[in-house]
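Novice: Sequence:
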Amino acid sequence: MMKVDFEKAYDTISWSYLEDMMRRMGFSDIWIKWMRACIFNSSMSILVNGSPTVDFKVGKGLRQGDPLSSFLFLIAAEGLTRMMHRAVDLNEYKG
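Be aware that the sequence shown starts at 1, since it is given in full-length UniProt numbering, and climbs by one per residue.
Be careful, since some hints might not be right.
To be verified - Derived Cβ-Cβ restraints for the label pairs, each shown as a range:
| hint | residue 1 | residue 2 | range |
| --- | --- | --- | --- |
| 1 | Ile46 | Ile13 | 24 to 32 Å |
| 2 | His85 | Asp55 | 38 to 46 Å |
| 3 | Thr53 | Ala87 | 43 to 51 Å |
Hints in this document: simulated from the structure, not taken from any laboratory. Note that CB positions come from ideal geometry on N, CA and C, so glycine has one too.
Hey, can you work out the whole structure from these sequences and the hints?
Specialist: Below you can see the structure in the form of structure tokens.
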């Protein structure tokens, strides 16, 4: 039996893992570059007393509700699925 806490797992996924998975899945370099830009070069403002602040850069990562979250989660999960299938094929995991 295997149990995965996907919430914790997703919070700790490295960009290099996601980038590697996208390459293995056939994503072009330009697509990967766009994804990196969305994750690492984001800025936002917040409302203070109903007025927006000046834009500021945010740290790397996705914000809650970001539409990319689901997409990147599926890419990460696909990698886990491939690893599990390979382990079963090599008789390293039975389940």
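Novice: Flag every earlier hint the structure violates by its number, smallest first.
Specialist: When the structure is compared with the hints, none of them turns out to be violated.
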